[in-house]
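Novice: Let's have the full structure, built from the sequences with the hints guiding it.
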Amino acid sequence: MLLAELGIQPTGLAKRMKVYSSQDNGPVVSLKSANILRYLSGGNRPKQRTIDVMVAVLSIASGRALTAADIGYSDQPAGGIDAEVEMPKARQDPFSLPFETVDPAFIEHLTALLDAHARMDALSGPRYVLGTLDGELQLVQDLCGKARGEMRPALLQVGTRFCEFAGWLYQDSGDLRCALYWTNRAMDYAEELYDPHLRSYVLQRRSNIATESGYAQQGLGLGNAALREWDAIPPELRAVALRQLANAYAMTGEADECRKALDQAMEQVLSVDAAGPSSLALYCTPSYIEMEAAQSWVRLGQPERAIETYTMALSDWPKAQRRDQGLCTVRLASACIDAGQFEAGAQAGIQAASVIRSAPSARALGVLKHLAQRVRPVQGDAIREFESAVTDLV
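So the mapping is simple: this note's numbering equals the position in the sequence shown, first residue as 1, plus 200.
Treat the hints as calculated values from the structure; they're not laboratory data.
Note that the structure is predicted; figures quoted are calculated from it, not measured.
Where hints are given, some of them may not hold.
Unchecked claim - Pairs of lysine-lysine residues, derived as PhoX-like cross-links and limited to a Cα-Cα distance of at most 20 Å, are as follows:
(1) Lys218 to Lys460
(2) Lys215 to Lys232
(3) Lys232 to Lys218
(4) Lys232 to Lys247
(5) Lys519 to Lys569
(6) Lys247 to Lys218
(7) Lys215 to Lys569
Unchecked claim - For each label pair, taking beta carbons as the anchor points, the in silico distance ranges come out as:
(8) Ala234 to Lys519: 49 to 55 Å
(9) Glu585 to Ala305: 50 to 56 Å
(10) Glu336 to Asp388: 15 to 21 Å
(11) Arg557 to Arg428: 37 to 43 Å
(12) Asp581 to Ala204: 40 to 46 Å
(13) Thr332 to Pro518: 35 to 41 Å
(14) Pro518 to Arg428: 27 to 33 Å
(15) Ser515 to Gln579: 29 to 35 Å
(16) His309 to Asp592: 27 to 33 Å
Ideal Cβ positions, reconstructed from N, Cα and C, are used throughout, including at glycine.
Specialist: Written out as structure tokens, the structure reads:
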């Protein structure tokens with residue numbers, strides 16, 4: 201039996217799975233040892249999330265990349281993450297803007313509007329942007345559906361970006377179903393255009409949703425697809441796709457492959473044109489890649505290395521990326537707790553709560569609330585101050 205080979209007791213595996221699953225923004229997997237034994241004996245199939253976490257934890261423990269088949273299950277559930285995605289109901293509107301009235305200046309206005317939304321999201325989080333996006337999404341989709349001739353490619357391009365951005369906002373708000381719907385819609389437009397930049401970016405976004413949903417293998421495949429046209433995409437798009445490969449490799453316990461992907465991602469982001477990266481990935485900075493690297497080290501069971509990397513990332517964090525600063529800070533707090541550094545973790549958690557208050561994110565809030573539960577048994581002034589900060593925030 202695999203557990204016996206690794207010298208792991210069912211209770212120990214359950215604890216490791218709970219810790220691991222609390223770090224990756226997915227549902228926390230909390231099992232009893234009896235459940236572990238029943239699952240590994242083939243008594244019944246657990247949820248796919250449980251399988252993915254179990255495979256990741258056992259891969260880390262064994263030092264080799266395991267698959268679901270190694271513990272008696274197929275690698276993927278039927279349909280993958282797309283299986284339960286439904287199309288949101290379309291809003292009926294008796295009035296519609298004729299696409300014939302659209303000129304290049306109007307498309308430039310839509311693009312500028314989208315860029316402004318992206319900057320607002322980076323500063324204040326998705327809450328304040330989603331509310332204004334609904335009408336614009338309907339307009340853009342309506343125009344894309346009707347557009348013909350020379351204007352169609354330009355409208356499809358702005359449609360791809362609007363739908364991808366909507367997918368991101370829903371993901372950061374914690375709604376992965378809507379995130380996947382809008383990202384898939386963006387993929388439809390990008391495929392028709394066959395623009396290598398847009399295709400690569402949307403593929404890595406789909407990869408990110410897959411890994412956040414607990415589907416490491418699907419995330420790995422989509423990350424590889426995002427890099428297929430390497431020579432046709434700029435360094436910042438290579439970097440965000442490479443960090444997705446690292447993310448997936450960390451989930452499957454492939455430490456060497458993860459490190460290689462992270463090294464390549466940093467190499468690419470450091471080679472970005474001084475004039476500025478593509479507007480598709482304004483957030484992709486060295487600090488951002490360091491944050492993503494640190495999260496991979498946490499998943500690989502190396503919290504001390506993650507602490508060092510998170511700290512380095514925060515030392516030079518761009519002021520315009522406040523939302524991600526909150527996420528990075530709360531992840532630092534979580535890594536400190538993993539390493540048994542409770543005082544430092546509480547202090548980082550207090551700082552994170554302050555940033556998250558001004559730029560809310562469901563991902564960051566989820567980590568923060570779970571962290572408050574983890575430190576509850578620990579005594580100390582800093583712990584009490586941290587718990588108070590979380591209570592005031594949520």
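Novice: With reference to the structure, classify each hint as holding or not holding.
Specialist: Against the structure, the hints:
1. Lys218 to Lys460: violated, 27 Å
2. Lys215 to Lys232: Holds. Lys215 to Lys232 sits at ~9 Å (cutoff 20 Å).
3. Lys232 to Lys218: holds, 11 Å
4. Lys232 to Lys247: holds, 15 Å
5. Lys519 to Lys569: Judged against 20 Å, a Cα distance of about 25 Å means the pair is violated.
6. Lys247 to Lys218: OK: Lys247 and Lys218 at ~15 Å, within 20 Å.
7. Lys215 to Lys569: Given that 20 Å is the threshold and the Cα spacing comes to 19 Å, the pair holds.
8. Ala234 to Lys519: 49 to 55 Å: holds, 51 Å
9. Glu585 to Ala305: 50 to 56 Å: holds, 53 Å
10. Glu336 to Asp388: 15 to 21 Å: holds, 18 Å
11. Arg557 to Arg428: 37 to 43 Å: holds, 41 Å
12. Asp581 to Ala204: 40 to 46 Å: holds, 44 Å
13. Thr332 to Pro518: 35 to 41 Å: violated, 24 Å
14. Pro518 to Arg428: 27 to 33 Å: holds, 29 Å
15. Ser515 to Gln579: 29 to 35 Å: Distance hint for Ser515, Gln579 holds at roughly 30 Å.
16. His309 to Asp592: 27 to 33 Å: violated, 40 Å
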